[in-house]
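Asker: Each chain, letter by letter, is given below.
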Amino acid sequence: MTWIPTTNEERDEMLAAIGVASIDELFDVIPPDLRLKSWDLPEGLSEMAVKRLVAEMGNRNCGSLVSYAGGGVYDHFIPAAVDALTSRGEFYTAYTPYQPECAQGTLQSIYEYQSAIVRLTGMDFANASLYEGGTAVFEAAAMAVRLTNRQRVVIHESLNPVYRQVVETHTAHLGLDIASGDDPTGAACVIVQNPSFLGTVRDFTALAERCHAAGALLVLSFYPTSLGLLKTPGEMGVDIAVAEGQCLGIPLGFGGPYLGILATRKEHIRKMPGRLAAETADAQGRRGFVLTLQAREQHIRREKAMSNICSNEALMALRSLIYLCLMGKDGFLEVARHCHAKAEYLKSKLDFGTVLNDGPTFNEFALRLPRNAEEVAKRVMDQGYFAGLPLAPLGAGEETDLLIAVTEKRTREDLDGFAQALREAACN
Amino acid sequence: MQTDYPKELRYTEEHEWVGPVGGGIYAVGITAHAAEQLGDVTYVELPEVGRALARGEAAAAVESVKAASDVYAPVAGKVAEINGALESAPEMVNRDPHGEGWFFRLSGVSAQEFESLMTAEQYAAFVQEHEG
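Taken in order, these protein sequences are the chains called L and U.
Each residue of the first sequence is one higher than the last, beginning at 1 in my numbering.
Each residue of the second sequence is one higher than the last, beginning at 1 in my numbering.
Just so you know, these hints were derived from the structure itself, not from any lab.
Warning: the hint list may mix true and false statements.
Said to hold, decoys possible - Cβ pair distances, simulated, as ranges:
# : chain 1 : residue 1 : chain 2 : residue 2 : range
1 : L       : I269      : U       : G50       : 20 to 28 angstroms
2 : U       : R55       : L       : P257      : 46 to 54 angstroms
3 : L       : W39       : U       : D70       : 31 to 39 angstroms
By construction, the Cβ of each residue, glycine as well, lies at the ideal position given by its N, Cα and C atoms.
Input sequences plus hints: build the corresponding full structure.
Answerer: Given below as C-alpha cells:
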C-alpha cells in the first residue's frame, strides 16, 4: 500500500501555502455561537432504552394527518411493490457503482431509469439522476452558463422560491448575474416552472422560441405527475428539463432522500452534469451496460469537470423506475386525471375564499382566505388535516394566502370533510 | 516508434503543432505522438470562431477512450476557422494528425513567435528524451 495520510509537516506546509495558522482558523467563518462548545454527551443507553426513547420521539410526529400540502413534494400513493423490490440486497445502494462493469444489474436499472425519464419528458437524454429538485435547477443553470459562455441567469416568477434560494446559494461565489423576469437578452438561460409554484399551468413554447432567437436556453422545472395531462418539456422546445422526482414512488420525508431529475437535448449532452449509463456490446457481442461520456466528470476532467456530482441518487432513481413500470402508461395518465379532477372538485367547495391563479391549474392552487392562513392551518390540524402551505413565510403571497394540493389519494369524503373544516376555521 | 514530423511545422512541449497554410493563416493540431498516447479519439471540443487566444491558453479539448486533455494555443492569434469535420469524424485525429486532423486555424500570428517553437528535429528529440 502506497497511500500515506498527510504528515504534520505536510499539513503545516499546506496551511502556510494558503496563509492560515491552524486548521481551526479555517472554521472562523462559522459564527462563534453556532460552533460546538463541548462534547458533553450523556451516558450511553441500552438498546432497549434507545428504542423506547426513539419511539417516544417518533410518536410526537403528526403522522396521521391528511396532507393537502405540496409546493414541490406531494402525498401520492406508493404501491407496496416499490418497497419490496428496492429493498432487495441486489439493488440496495445509494450510489452509482464505482466499478460499473462489475455491477451490470445496477447499471441496467439506471439505464432503464434514464430511458423512462426520456419517454416521460420527450427530451433526448436524461442523466443517472441528481440529489433533488432544487440542486437540479442549479445544475441546469450552471450547464446553461457553460453552453452559452454567458453569465446571466434569469429566473421567472413561476419558479419555486425555495429552488431560487438554492440557485442563489450555489452561485453566490460564481460571479453570475441572477436576474428576475423572462427576458432572454444576453442571458445564458431563463428558468421557468410548470405548473408554477402557485399551481398555474402555462405553455412556454413561445418563450422557448424567444430564448433561442436570443441565443439563450430555456430551463423548465416540471412536476412529473402533471405530464400525464400536460404538454411535455420536449414538446415546448425546452433545452434542459429538471424536476423533483419525489412524486414517483418516494415517500415524503423532512430532508429527503429525494430525487433530482435532469434531461436535455442531444446537442447539449457534452456539457451535462452527472453520470450517464449506456448500452453497449461486450467482446462476445452480448448486451451490456457501461458508464459513458465520463470525460465530463470529475475523476477524469478534474477542476474542469462539468460538475462536482460524481455519483447519483441510485436507490431513489430505482424507486421512480419501479413506480413508473407499475403504473404503466394508462395508470400514470389515470393518476394525473384523478389529481386534476379532485383538485377541481375541492376548488368548487371553497367558495368562501378566492382562487388566486390567473390560469388553469393541475392539482394545486393558491387560495386567499378571509383570515390569516397560518392560524387557519393550525386550527384544522386539530381536526386531522395538514391544510397546505401558508405562502407569506415563503415570500410568495399575503398573510391570508394558502397553497393547497390534492392527490389521487383523497376521496370525496376526505375532500368534503376538509372543505367543511377549512370553512369553519376560516370563517368562524 | 520512429515518427516523421513534417519539417514545415513547429511543435510545443504540450504536443501541439502549428504550421502556415498560406495567407498569414496558421493551422493547429496535436502531434502524432500525442494522438498515439491518447488512443482512439472520441470527441474534440473546438473554440469559437473569432475568439482571441493568448499563447498557452486552453483553446480546445480532446477526449479519447483513455483520457481527456486540453489543447493549448501554441502561439497567440485569433480563431479564423475550426475543423468542423472532427465533430462527426474525430478518428481523423488518429488517422492523419498532422493533416486532415487539424483542430483550428489562427490569424494574426507573429512569425517570430512561430519561429521560436521547436523544429521537427528538436521535437523528435524532445519526445525521445521524455520517452526514455
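Asker: Each hint needs a verdict: does it hold in this structure or not?
Answerer: How the hints compare with the structure:
1. As the Cβ distance of I269 (chain L) to G50 (chain U) is approximately 25 angstroms, the hint placing it in 20 to 28 angstroms holds.
2. As the Cβ distance of R55 (chain U) to P257 (chain L) is approximately 49 angstroms, the hint placing it in 46 to 54 angstroms holds.
3. The beta-carbon spacing between W39 (chain L) and D70 (chain U), approximately 47 angstroms, falls outside the hinted interval of 31 to 39 angstroms.
Violated hints amount to a single one, hint 3; each of the other numbered hints is respected by the structure.
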